[in-house]
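**Student:** From first to last, the protein sequence lines stand for chains L and F. Everything in the first sequence is counted per the working numbering, starting at 1 for the first residue and increasing by one. Everything in the second sequence is counted per the working numbering, starting at 342 for the first residue and increasing by one.
Hints were generated in silico from the structure; no laboratory data involved. One or more of the hints may lead you astray.
[Stated by the list, open to error] Derived EDC-like pairs (lysine to aspartate or glutamate); straight-line CA-CA distance at most 20 Å:
{"#": "1", "chain 1": "F", "residue 1": "Lys380", "chain 2": "L", "residue 2": "Asp39"}
{"#": "2", "chain 1": "F", "residue 1": "Lys380", "chain 2": "L", "residue 2": "Asp329"}
{"#": "3", "chain 1": "L", "residue 1": "Lys325", "chain 2": "F", "residue 2": "Asp507"}
{"#": "4", "chain 1": "L", "residue 1": "Lys75", "chain 2": "F", "residue 2": "Glu511"}
{"#": "5", "chain 1": "L", "residue 1": "Lys175", "chain 2": "L", "residue 2": "Asp142"}
{"#": "6", "chain 1": "L", "residue 1": "Lys308", "chain 2": "L", "residue 2": "Asp294"}
{"#": "7", "chain 1": "L", "residue 1": "Lys75", "chain 2": "L", "residue 2": "Asp39"}
{"#": "8", "chain 1": "F", "residue 1": "Lys477", "chain 2": "L", "residue 2": "Glu213"}
{"#": "9", "chain 1": "L", "residue 1": "Lys324", "chain 2": "F", "residue 2": "Asp439"}
[What the hints assert, rightly or not] Some but not every residue of chain F turned toward chain L, in silico, with C-beta under 8 Å:
{"#": "10", "residue": "Ser431"}
{"#": "11", "residue": "Ile460"}
{"#": "12", "residue": "Pro463"}
{"#": "13", "residue": "Trp466"}
{"#": "14", "residue": "Thr577"}
{"#": "15", "residue": "Gln581"}
[Stated by the list, open to error] Facing chain L, a subset of chain F residues (Cβ under 7 Å, in silico):
{"#": "16", "residue": "Val504"}
{"#": "17", "residue": "Glu513"}
{"#": "18", "residue": "Gly562"}
{"#": "19", "residue": "Pro565"}
Backbone N, C-alpha and C define an ideal beta-carbon position, used for all residues, glycine too.
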Amino acid sequence: MKGKVLVVAGLLLAGLLALSSVQGRAQGGEVTLLNVSYDPTRELYQDFNQAFAKYWKAKTGQTVTVEQSHGGSSKQARGVIDGLQADVVTLALAYDIDAISQNAGLLPADWQKRLPQNSTPYTSTIVFLVRKGNPKQIKDWDDLVKPGISVITPNPKTSGGARWNYVAAWAYALKQPGGSEQKAQEFVKRLYKNVPVLDSGARGSTTTFVQREIGDVLIAWENEAFLSIKELGAEKIEIVVPSQSILAEPPVSIVDKVVDKKGTRKVAQAYLEYLYTPEGQEIAAKNYYRPRLDSVAKKYASIFPKIKLVTIEEVFGGWQAAQKKHFADGGVFDQIYQPNQ
Amino acid sequence: MAFTFKKRSNLPGFGLALGYTVLYLSLIVLIPLAATFLKASALSWDQFWHIVASPRAVASYRLTFGASLIGALINLVFGVLVAWVLVRYSFPGKRLFDSLVDLPFALPTAVAGIALTTIYAPNGWLGRPLASVGIKSAYSPLGVAIALTFIGLPFVVRSVQPVLEDMDKELEEAAASLGASRWQTFSRVVLPTILPAALAGFAMAFARAIGEYGSVVFISGNMPMRTEITPLLIMTKLDQFDYAGATAIAVVMLVFSLILLLPINLLQKWSSSREEKTSALVPEEIH
Chain L
1 MKGKVLVVAG LLLAGLLALS SVQGRAQGGE VTLLNVSYDP TRELYQDFNQ AFAKYWKAKT
61 GQTVTVEQSH GGSSKQARGV IDGLQADVVT LALAYDIDAI SQNAGLLPAD WQKRLPQNST
121 PYTSTIVFLV RKGNPKQIKD WDDLVKPGIS VITPNPKTSG GARWNYVAAW AYALKQPGGS
181 EQKAQEFVKR LYKNVPVLDS GARGSTTTFV QREIGDVLIA WENEAFLSIK ELGAEKIEIV
241 VPSQSILAEP PVSIVDKVVD KKGTRKVAQA YLEYLYTPEG QEIAAKNYYR PRLDSVAKKY
301 ASIFPKIKLV TIEEVFGGWQ AAQKKHFADG GVFDQIYQPN Q
Chain F
342 MAFTFKKRSN LPGFGLALGY TVLYLSLIVL IPLAATFLKA SALSWDQFWH IVASPRAVAS
402 YRLTFGASLI GALINLVFGV LVAWVLVRYS FPGKRLFDSL VDLPFALPTA VAGIALTTIY
462 APNGWLGRPL ASVGIKSAYS PLGVAIALTF IGLPFVVRSV QPVLEDMDKE LEEAAASLGA
522 SRWQTFSRVV LPTILPAALA GFAMAFARAI GEYGSVVFIS GNMPMRTEIT PLLIMTKLDQ
582 FDYAGATAIA VVMLVFSLIL LLPINLLQKW SSSREEKTSA LVPEEIH
């Protein structure tokens, strides 16, 4: 009897030890980084991590293993706030990294100034996916608010990526001749009235549109749109590029408190800087993210159509302001769904 | 009427067992719950009320508790039926059916959600015929109720099954030989016996459904005011880094659940004590 109790206690203890030792890391000739990212960068970082490991090995002789974690952008940020030991974060929007700085103080408030181009080594934009042949003749944002058009986009309150969809629509309405804040608000309201299903994440919306065959148009990141076509074939869906869209900037940063504790600052910094090199830019472009570097951008110019792009900075004055006005509880987005309006 | 603690029970190890029970319940249940209340107490009463009484939150309570109730009621009726069939009849494939009942327990809820959505979506096997007669199943409150019925299926079956197995067939035969109709036999003899167990299963299915998140978010469509369940609202608030708002709604759910579960448990107690009294009246010789 006593023996049995001991065995059970021993097993429990062993289990706890196993759990806690996951955090342990090798030192010296080997180093492990954890890159906490959002959903659609999975393929990008798989390629990039291999390239970086090769580069780092040649440069320093050190073997680096980069572990990846993917999920909804704000969920991932919350993981880091709650103690996930991320050396670097590569999220969908600056607001989520700001939240790590504000809620946990793991990195300085001016993190975005530390790397070139708003700490965004690659960009994307928001485009439309429609059914093959574009049966509803959707050409631009105006077509999305027409009665009878069914639009699929995730909930911007739960999906960082979807917030870019929302701000792209807003910016379009604002920049039209005679556009005003009020008209923009009316525009997004009409747009979201045409949304029959609000998935919680971008991949969920893609599934709803492609697998469940719901909706006439899916608002999506350009890289996700390309990926969908690559996976599903061009005979089912096609991309429509609107006349204007937003420059989606998914930023990157090291997490200071974590890299200092783990002693991985140097390699983490190099990891992010490698994203800006021609090799890193090439990998981004191959994974359908728009490269920043001119030489690489020129090489892939045929893939990425020219669109008039506005930035979050010029239209909204940055993510903090946009978040407060549009996505906070009781903000513009919530008002769309208030009853009797 | 002093404490009975001092009196030594015939069973040894009371102190030790109680100590472990309290420690275990504290670690697993009480401390996390206390943390929830603590976090919510960061809000002033006005802020708290503003969050939990917002129209969107109220609409989500209605859907969550309403759909959970419907799911649990369906399971109450059909769970008893399934248990009855599995205990009283033998047929080929009975073992298989019996183990199928546990499937909703074992299946990850996300898998269940995706599977149900695939079937009930407007282009799915069941969704298409339903849509053609004008019934919207997936992405509607009905879809939520379907998912909650699915995940609650095993509770009533598994709580009623052993009671039915223990029930003497002679009781029913005696009722029949004394001239009771089939309905009378069921309602006067069988039902009182299985009612406490069925209610217990109902309460568990209901409680389980209230907290369900994984399967519902796929099939509900998540439209604010219409198909947004309360657990999703909590997740939404967490994704906004609004920990206090999320816990405020969590506290409301907790209190609601307690208020609802308490009478169900009392009802169950009452019916089982009534059952004991009536069965005590039956003379032993009848067996």
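**Student:** Does each hint fit the structure? Answer for all of them.
**Tutor:** Going down the list of hints, with the structure as the test:
Pair hint Lys380/F plus Asp39/L does not hold up; C-alpha atoms about 30 Å apart against a cutoff of 20 Å. At roughly 18 Å between alpha-carbon atoms, Lys380/F and Asp329/L fall within 20 Å of each other, so this suggested pair holds. For the hint linking Lys325/L to Asp507/F, the alpha-carbon distance of about 64 Å lies beyond 20 Å, and the restraint is violated. Of the pairs offered as hints, the one joining Lys75/L and Glu511/F is violated, with about 59 Å between alpha carbons and a cut-off of 20 Å exceeded.
Distance restraint check for Lys175/L and Asp142/L: the Cα-Cα separation of roughly 12 Å lies within the 20 Å cut-off, and the hinted pair is therefore satisfied. The straight-line distance between the Cα atoms of Lys308/L and Asp294/L is roughly 17 Å, inside the 20 Å bound, and the hint therefore holds. Between Lys75/L and Asp39/L, the direct Cα distance comes to roughly 10 Å. Compliance with the 20 Å bound is thereby established for this hinted pair. For the proposed pair Lys477/F and Glu213/L, the alpha carbon gap of about 15 Å is at most 20 Å, so the pair holds.
Between Lys324/L and Asp439/F the alpha-carbon distance is near 54 Å, which puts this suggested pair outside the 20 Å criterion. For Ser431/F, the shortest C-beta to C-beta distance to chain L is roughly 38 Å, which exceeds 8 Å, and the interface hint is violated. Because the closest C-beta pair between Ile460/F and chain L is about 11 Å apart, greater than 8 Å, the hint is violated. About 7 Å separates the beta-carbon of Pro463/F from the nearest beta-carbon of chain L, less than 8 Å, and the hint is met.
With a least beta-carbon distance of about 13 Å to chain L, the hint placing Trp466/F at the interface is violated under the 8 Å criterion. With a cut of 8 Å, the hint placing Thr577/F at the interface with chain L holds, because the nearest CB-to-CB distance is about 5 Å. At a threshold of 8 Å, the smallest CB-CB gap from Gln581/F to chain L is about 6 Å, leaving the interface hint in force. Contact between Val504/F and chain L, as hinted, is not supported at the beta carbon level, the nearest pair being about 31 Å apart and thus beyond 7 Å.
For Glu513/F, the interface hint is violated, since its Cβ never comes within 7 Å of a Cβ in chain L; the closest pair sits about 43 Å apart. For Gly562/F, the suggested interface contact is upheld, since its CB lies about 4 Å from the closest CB of chain L, less than 7 Å. Hint on Pro565/F holds. Least Cβ distance to chain L is approximately 4 Å, under the 7 Å limit.
Hints 1, 3, 4, 9, 10, 11, 13, 16 and 17, counting from the list given before, are not met by this structure.
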